[in-house]
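2 protein chains.
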Amino acid sequence: MSEPVRVAFLGLGVMGYPMAGHLAAHGHQVTVWNRTAAKATAWVAQHGGTAAATAREAATGAALVFLCVGNDDDVRSVVYGADGALAGMADGAILVDHTTASADLARELAAAAAKTGVAFLDAPVSGGQAGAQNGKLTIMVGGEAEAFARAKPVMDCYGRAVTLMGPAGAGQLTKMVNQICIAGLVQALAEGIAFAGKAGLDQKLVLDVISKGAAQSWQMENRGTTMVDDTFNFGFAVDWMRKDLSICLSEARRNGAKLPVTALVDQFYAQVQALGGGRWDTSSLIKPLG
Amino acid sequence: MSEPVRVAFLGLGVMGYPMAGHLAAHGHQVTVWNRTAAKATAWVAQHGGTAAATAREAATGAALVFLCVGNDDDVRSVVYGADGALAGMADGAILVDHTTASADLARELAAAAAKTGVAFLDAPVSGGQAGAQNGKLTIMVGGEAEAFARAKPVMDCYGRAVTLMGPAGAGQLTKMVNQICIAGLVQALAEGIAFAGKAGLDQKLVLDVISKGAAQSWQMENRGTTMVDDTFNFGFAVDWMRKDLSICLSEARRNGAKLPVTALVDQFYAQVQALGGGRWDTSSLIKPLG
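Top line first, the protein sequences correspond to chains A and B. So for the first sequence, the working numbering puts the first residue at 796; every next one is plus one. So for the second sequence, the working numbering puts the first residue at 796; every next one is plus one.
In short, the hints are calculated from the structure, not lab data. From the three backbone atoms N, C-alpha and C, an ideal C-beta is built for every residue, glycine too. One should not assume that every hint holds.
Once the Cα atoms are required to be at most 25 angstroms apart in a straight line, the calculated DSS-like pairs of lysine-lysine come out as [stated by the list, open to error]:
{"no.": "1", "chain 1": "A", "residue 1": "910", "chain 2": "A", "residue 2": "947"}
{"no.": "2", "chain 1": "B", "residue 1": "1007", "chain 2": "A", "residue 2": "1038"}
{"no.": "3", "chain 1": "A", "residue 1": "999", "chain 2": "B", "residue 2": "1053"}
From the derived model, a few chain B residues whose C-beta atoms are all more than 10 angstroms from chain A [to be verified]:
{"no.": "4", "residue": "831"}
{"no.": "5", "residue": "840"}
{"no.": "6", "residue": "845"}
{"no.": "7", "residue": "848"}
{"no.": "8", "residue": "871"}
{"no.": "9", "residue": "903"}
{"no.": "10", "residue": "909"}
{"no.": "11", "residue": "939"}
{"no.": "12", "residue": "993"}
{"no.": "13", "residue": "997"}
{"no.": "14", "residue": "1007"}
{"no.": "15", "residue": "1008"}
{"no.": "16", "residue": "1028"}
{"no.": "17", "residue": "1045"}
{"no.": "18", "residue": "1071"}
{"no.": "19", "residue": "1073"}
Looking from chain A toward chain B, a few residues come up when the C-beta cut is under 8 angstroms (computed) [to be verified]:
{"no.": "20", "residue": "975"}
{"no.": "21", "residue": "984"}
{"no.": "22", "residue": "987"}
{"no.": "23", "residue": "1012"}
{"no.": "24", "residue": "1044"}
{"no.": "25", "residue": "1059"}
Model the full structure from these sequences, guided by the hints.
Structure (structure tokens):
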């Protein structure tokens, strides 16, 4: 872990709130900002530190500025403009974006930050709300090695595996690979479990048996039973997964990758949304198969 | 493990040959039969026991008759007819089919066997050639509990997890769920790895990082690196996977299960076959994405 430094955390959602908390717990001087100010007030009441009125104010004087918001446009609104983070950041500071966003945005931000001597790291995370709370996120980072070396000890406050994947955008591209691998995997699991039901098998016994072999997956072990139980009020929401898959499919248009099953599963998630399941966990892909 | 008994093993392919070997190594009196007699001669030279000229001859006097052949028609040709296994089996003996075949065939064989007082278990395996060789197969069994209780201690010679899944056909149906879960999962992994390549990422580093989280799977851990290396001359052949998926898709027509991604992946395997990859490992799904 690092020497205590002055940091800012922008965006106190289900991920950012506990991540910023880990920074404070490790002794860093944390200034927070959130679009809805009440959350920042609550955070300071719990963790100490300071709440700022604008992203710029929070970023002023910080060696590292972290943000974790919703999508590309949210990131732009927090970073750019008179009240944006970049306006407050000093030469030599580092901007770290934990939002899952496009690789294009990462390259754009790296270029914009460089103009004022600020380094940029795209650093999307996986591990979900639980990973943020227990400080065990996987963090996939794109950017320059020197900035990564300075930021990593601070990210270790909430990261279990913090890895530099390549230049600006490489963190986002790695997160896309992660989501692509998950989308088709969850659909395959859903088809298998639904088939087991139609076949009259004891679905949980089937999962118990086949999870010992080549069909095993984290999703089977952690979402199989809840899929059988038709329970989806937890986990990673379908609306967010569709946002991520949209980024993957756009990037694939650009780099020429073929994603036939990923594209199809994105459509199945649209069916889940149509069933009212936008906030359900991604394992709700089994719903349209019922 | 069981008291030594007299058993027969019919079909000495890449799976049956080592499975029968484990029976001999555990002290059972094994009579083998194989369509190509030379393999049976070689097996006896290695393991002792007896080679029979016909399936009927091998089955005569055996308490348990195991078979492991190619497909439904192969099973019928070994079990039925004047030289078939059933003609030699005594009242009270048990016929155990380790072939991955249809659930309909399992029900048909159970009925045919019952006419002569023979019990039938459908018992497809997973774990591949390596699992057969080291005696650590997962065995999914359909049939009556009494026959299962008698056969299980003998199957434990080569099974790590031998589970009764339900009545005749339930073993085959469980194996189908296994293959359904694998098909879409491997395609998703292939799309992810191919995307990583098009995105200019270090594919092995990506796999190392994302295999710690929600995208993790046995396939990612055991086939990811070889997919990156474009190596497919091992493992479970595409031709056999297509046979298994054909069984899954037929059964789904009957029970009403929806298998959109499984059906699509079956078509991608047809593309791999068209590329000359019928004998390649199932992870060759990445080939048409190149």
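How the hints compare with the structure:
1. 910/A - 947/A: 23 angstroms, holds
2. 1007/B - 1038/A: Given that 25 angstroms is the threshold and the Cα spacing comes to 23 angstroms, the pair holds.
3. 999/A - 1053/B: 19 angstroms, holds
4. 831: Its Cβ never comes within 10 angstroms of chain A, the nearest being 28 angstroms, so this holds.
5. 840: 32 angstroms, holds
6. 845: 33 angstroms, holds
7. 848: 36 angstroms, holds
8. 871: 22 angstroms, holds
9. 903: Since the minimum Cβ distance to chain A is about 17 angstroms, residue 903/B lies beyond 10 angstroms and the statement holds.
10. 909: Consistent with the label, residue 909/B stays out of reach of chain A, its closest Cβ about 20 angstroms off (over 10 angstroms).
11. 939: It holds; residue 939/B is separated from chain A by about 16 angstroms at its closest Cβ, greater than 10 angstroms.
12. 993: The assertion about residue 993/B is violated, with a minimum of 4 angstroms to chain A.
13. 997: 7 angstroms, violated
14. 1007: 6 angstroms, violated
15. 1008: 5 angstroms, violated
16. 1028: The assertion about residue 1028/B holds, with a minimum of 18 angstroms to chain A.
17. 1045: Check passes; 12 angstroms lies beyond 10 angstroms.
18. 1071: 20 angstroms, holds
19. 1073: Given that every Cβ of chain A is farther than 10 angstroms from that of residue 1073/B, nearest at about 19 angstroms, it holds.
20. 975: Since chain B brings a Cβ to about 4 angstroms from residue 975/A, closer than 8 angstroms, the hint holds.
21. 984: 6 angstroms, holds
22. 987: Constraint on residue 987/A satisfied, holds at 4 angstroms.
23. 1012: 4 angstroms, holds
24. 1044: The hint is violated - residue 1044/A has no Cβ within 8 angstroms of chain B, the shortest such distance being about 10 angstroms.
25. 1059: 7 angstroms, holds
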